[in-house]
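Position chain B against the provided structure of chain A, taking the given hints into account.
Heads up: the sequence lines are chains A and B, in that order.
Our numbering numbers the first residue of the first sequence as 1 and each following residue consecutively.
Our numbering numbers the first residue of the second sequence as 101 and each following residue consecutively.
The hints are simulated quantities; they were obtained by calculation from the structure and are not laboratory data.
Be aware that one or more of the hints could be misleading.
As the list claims (entries may be wrong) - Computed cross-link-like contacts, DSBU-like style, restricted to lysine-lysine with a CA-CA straight-line distance of at most 30 angstroms:
| id | chain 1 | residue 1 | chain 2 | residue 2 |
| --- | --- | --- | --- | --- |
| 1 | A | Lys92 | A | Lys37 |
| 2 | B | Lys145 | A | Lys92 |
| 3 | A | Lys37 | B | Lys192 |
| 4 | B | Lys137 | A | Lys42 |
| 5 | B | Lys192 | A | Lys42 |
| 6 | B | Lys137 | A | Lys69 |
| 7 | A | Lys45 | B | Lys142 |
| 8 | B | Lys192 | B | Lys145 |
| 9 | A | Lys42 | A | Lys92 |
| 10 | A | Lys92 | B | Lys137 |
| 11 | B | Lys169 | A | Lys42 |
| 12 | B | Lys192 | B | Lys137 |
| 13 | B | Lys192 | A | Lys92 |
| 14 | B | Lys142 | A | Lys37 |
| 15 | A | Lys42 | B | Lys142 |
| 16 | A | Lys45 | B | Lys145 |
| 17 | B | Lys145 | A | Lys42 |
| 18 | B | Lys137 | A | Lys37 |
| 19 | B | Lys142 | A | Lys92 |
| 20 | A | Lys92 | A | Lys45 |
| 21 | A | Lys37 | B | Lys145 |
| 22 | B | Lys169 | A | Lys45 |
| 23 | B | Lys192 | B | Lys142 |
Now for the letters of each chain:
Number of protein chains: 2
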Amino acid sequence: MLSQALMQLVGDGIFITLVGSIAASLTTVSFLPQIVKGYRTKHMKDVSPYLMALYASGTTLWLAYGMFKDDWVIIIANALGTAFNLLLLYMKHLYRRSSS
Amino acid sequence: MLSQALMQLVGDGIFITLVGSIAASLTTVSFLPQIVKGYRTKHMKDVSPYLMALYASGTTLWLAYGMFKDDWVIIIANALGTAFNLLLLYMKHLYRRSSS
Chain A
1 MLSQALMQLV GDGIFITLVG SIAASLTTVS FLPQIVKGYR TKHMKDVSPY LMALYASGTT
61 LWLAYGMFKD DWVIIIANAL GTAFNLLLLY MKHLYRRSSS
Chain B
101 MLSQALMQLV GDGIFITLVG SIAASLTTVS FLPQIVKGYR TKHMKDVSPY LMALYASGTT
161 LWLAYGMFKD DWVIIIANAL GTAFNLLLLY MKHLYRRSSS
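Chain A extracted, bound-state conformation (with noise of 0.2 angstroms):
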């Protein structure tokens, strides 16, 4: 019975597509976990400014894609992927004093 709801599931790419909404859920709340221990310990020495630098633009143009795409999902995962990025950007700079 599951099995096979399973497969109606997969036949109607239903299946695909929440598999893809699941990924990119957890890649784009992956950076709130950073966000919450960089505003705690003020201090972020240790996070490299290039890898917020060239996620922000990597996401940017994955939201180009999904405008072009009209795919909402990369849409929004990316729009929020971008501002966290770039948030932890502004942090790392806010905090360079207790981070040098």
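Below, chain B without anything else, positioned relative to chain A:
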């Protein structure tokens, strides 16, 4: 001439694929500076392990998504993304003494 060639690319969808490929490359290589920084300083106290763990979980699902869709850009980018983040997680564990 150039704008005509560009319109052709947009029409063919090659331009959109190119944007997506550059976006995937940027988000994937963004973790390399963090690996280099961690390896050089042997210090990763400020880096959240949840960032790497959540991100690697996400890219593993993206990998499955790429396999379902038979999309090699997604497969290669996320195989590397998973590897980079598992390596960072291992480095975080390895340098925990000098990080405490």
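Okay, the hints, checked on the actual structure:
1. Lys92(A) x Lys37(A): 12 angstroms, holds
2. Lys145(B) x Lys92(A): Answer holds: Lys145(B) to Lys92(A) is near 14 angstroms, not above 30 angstroms.
3. Lys37(A) x Lys192(B): 15 angstroms, holds
4. Lys137(B) x Lys42(A): 19 angstroms, holds
5. Lys192(B) x Lys42(A): Roughly 19 angstroms between the alpha carbons, so the hint for Lys192(B) and Lys42(A) holds.
6. Lys137(B) x Lys69(A): 36 angstroms, violated
7. Lys45(A) x Lys142(B): 12 angstroms, holds
8. Lys192(B) x Lys145(B): 8 angstroms, holds
9. Lys42(A) x Lys92(A): 9 angstroms, holds
10. Lys92(A) x Lys137(B): 15 angstroms, holds
11. Lys169(B) x Lys42(A): 42 angstroms, violated
12. Lys192(B) x Lys137(B): The given pair, whose Cα atoms are some 12 angstroms apart, holds under the 30 angstroms limit.
13. Lys192(B) x Lys92(A): 19 angstroms, holds
14. Lys142(B) x Lys37(A): Status holds; Cα separation ~19 angstroms.
15. Lys42(A) x Lys142(B): Satisfied, since the Cα-Cα distance of roughly 20 angstroms is no more than 30 angstroms.
16. Lys45(A) x Lys145(B): Roughly 9 angstroms separates the two Cα atoms, so the pair holds.
17. Lys145(B) x Lys42(A): 12 angstroms, holds
18. Lys137(B) x Lys37(A): Between Lys137(B) and Lys37(A) the Cα gap is close to 19 angstroms, so the pair holds against 30 angstroms.
19. Lys142(B) x Lys92(A): 19 angstroms, holds
20. Lys92(A) x Lys45(A): Holds: Lys92(A) and Lys45(A) sit about 8 angstroms apart, inside 30 angstroms.
21. Lys37(A) x Lys145(B): Status holds; Cα separation ~10 angstroms.
22. Lys169(B) x Lys45(A): 40 angstroms, violated
23. Lys192(B) x Lys142(B): 9 angstroms, holds
In summary, the numbered hints that this structure violates are 6, 11 and 22.
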